[in-house]
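Asks: Build out the structure end to end from the sequences listed, making use of the hints.
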Amino acid sequence: MNVIITKGIEKTYNPKTIPVHALQGVDLTIKKGEFTAIVGPSGSGKTTLLNIIGGLDRPTSGYIEVGGKDISKLSDNQLIDFRRENIGFVFQAYNLIPVLTAKENIEFIMLLQGIPKAQRDKRTLELLHAVGLDDKINKRPIELSGGQQQRVAVARALASKPAFILADEPTANLDSLSTVNLLDIMANLNMQEHITFVFSTHDQRVIDRARRVVTLEDGVISSDVYVDQ
Amino acid sequence: MLLKIAWKNIWRSKVRSLVVIIAIALGVWAIIFINGLTVGITRAYINNAVNYEISHLQMHHPQYIEESIINYQIREELSDLQEVEGVKAISQRMLANGMISSPKAARGIVVRGIQPAAENAVTHLSDLIIEGEYFGSKARNPIIIGQEIAEKLKIKLRQKVVITFQSKGGDIVAGSFRIIGIYKAKNSQYESMNVFVDQKDLAATNGEKMIHEVAIVVNDINSIDQIQPLIESKYPGTSVRNYKEISPDISLYESQIQVNLIVIIIIIMLALIFGIINTMLMAVLERIKELGMLMAVGMNKLNVFMMIVFETIILGIVGAPLGMLLGKMTISYFETRGIDLSSYSKGMRQFGMSEILYPHLEGNVFIQLAIAVLITAMLASIYPAYKAIKLRPVEAIRSI
Ligand SMILES: Nc1ncnc2c1ncn2[C@@H]1O[C@H](COP(=O)(O)OP(=O)(O)O)[C@@H](O)[C@H]1O
Ligand SMILES: [Mg+2]
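These protein sequence lines are chains A and B, in that order.
For the first sequence, the numbering used here begins at -18 and goes up steadily by one.
For the second sequence, the numbering used here begins at 4 and goes up steadily by one.
Just so you know, the hints here were simulated from the structure itself, not pulled from any lab data.
Think about it this way: if two alpha-carbon atoms lie no more than 27 angstroms apart in a straight line, the pair counts; the simulated BS3-like pairs of lysine-lysine are:
no., chain 1, residue 1, chain 2, residue 2
1, B, K91, B, K247
2, B, K141, B, K212
3, A, K142, A, K(-12)
4, A, K142, B, K292
5, A, K103, B, K11
6, A, K98, B, K7
7, B, K17, A, K117
8, B, K11, A, K98
9, A, K98, B, K304
10, A, K120, A, K103
11, A, K117, B, K292
12, B, K292, A, K120
13, B, K390, A, K(-3)
14, A, K54, B, K393
15, B, K304, A, K142
16, A, K120, B, K17
17, B, K7, A, K120
18, B, K393, A, K(-3)
19, A, K54, B, K390
20, B, K7, A, K117
21, A, K117, B, K11
Replies: Written out as structure tokens, the structure reads:
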């Protein structure tokens, strides 16, 4: 089953002044259960592509379908709802609400979805367990290490049971131990729960863990290979 | 949950939030205090005027009001006025417009020929005596004059003055009076206008006893509207007016001071609004990335908007009661002790204001104020909240 389909995606920033052709015709199909790395040098268009797939930004032209739905037709407000219900996000930093504990941060998304308390509590604990942070449940982000924060972010991203998780350079701010740790957790979730991950990186250690590597160069896909782990 | 986050967000920048809370508290305090002063001033003004000068009701010959000449006297038999239900005390006065002269100077005044005991029950004149004494001694032709006049005439207690006025017959008559008391009124204008003599003595000078004015005090000021028509119908040939009709400046004064109060409140509220807008904008701009992230992961605009509004309102909800408490305490403190304005009172007394002010608060002020502050906070939150939802998540996040 395809969770993401893009056809001929183009994105031009500042079309009227100094146009930047960030994406120049990207065709990409992601199937359920894949563990895909979008790689490429800085400025190659990784973030732009992930933003478009995630419904945070709109392509200049091209077709985009997420979870079987053509999201280009959604209004800004519908997009917000769509993101909440269908996509889990992990950003490079600032993933968490600083004033809330790990538990509350994870719960927050479910609260916005209107999930009842008992269910929220249960799922929050499961998720914290899945990312190995059972003992940090009541810690606020500032009391967690960078790696732990990213793990909470992964748990938060999973909370709404999204179709897939988008992670834009999730390890960029992490030391190598935390990087390995986070990748282990993501890989585990992928193997055992069949969670679909699409993450961007230019870190070779992360690339090595991916099972599919899509390489972007100057806004076009220059290679797309499936790797046997 | 939004509320909870909003509450916690407030304490992220403790100093800033505290400053806003204190500003709101001070604003509220100032409004309460000014309000209390205003009510105190108004009440004192009305009380002074009513208790010492005007009384609740006055009866005249209808034409005397237009033209206060001695011939317009009240001819009605007044003996049963005192029996009218609700009437507490009455004072029948004989009035003469005339001159008071000392060897050094002369001034135009109103001579009030009173029955000492009755007058005192109505206007408490004896309380105002600062030198000498009230009527009652055996002195011949006693007169009580105001301190202002005494100074203007350069005259002292126990000295003599001459009173001149046009008698009923049209002749200019004069009488010599000895000062037995000097009074100081709440209102210096009144003090420089009125002198008091015994009605018998004035009648003797005039050649005939006449009554021009009856001042009436009722038991309950709120019953005036019922008592006034009662007296009017009993004495159809007279004009009966209440204190507001007699002294329209009382109502004018009340409304004037009310307008001033509203202007002050608006100024304070505006200052608060801009202070709050500024603070909340800072709070939003500081959190661009976080707000972008929240919108990215699915917090909709309404929720973001409400979160900022809640944050602002909470500041108001914390600050306002604090200010109210402070205000209440300040007013209660001064309500019994009074605020001594005697160093400014020369000016104040011309307008009939007391030298010691007793601020007073009415209960509904608090409710009104609470609502006003909440509305202020809500208004102030709109712009920052609007700014927050106008953020575009991609850009907000890219700025990481
Ligand atoms: N908001 C923007 N306005 C103009 N140019 C942009 C904007 N965002 C990205 N770009 C440009 O688009 C290209 C792709 O950027 P990006 O998607 O961030 O690449 P990557 O994530 O691979 O580093 C770069 O040349 C970048 O400078
Ligand atoms: Mg990038």
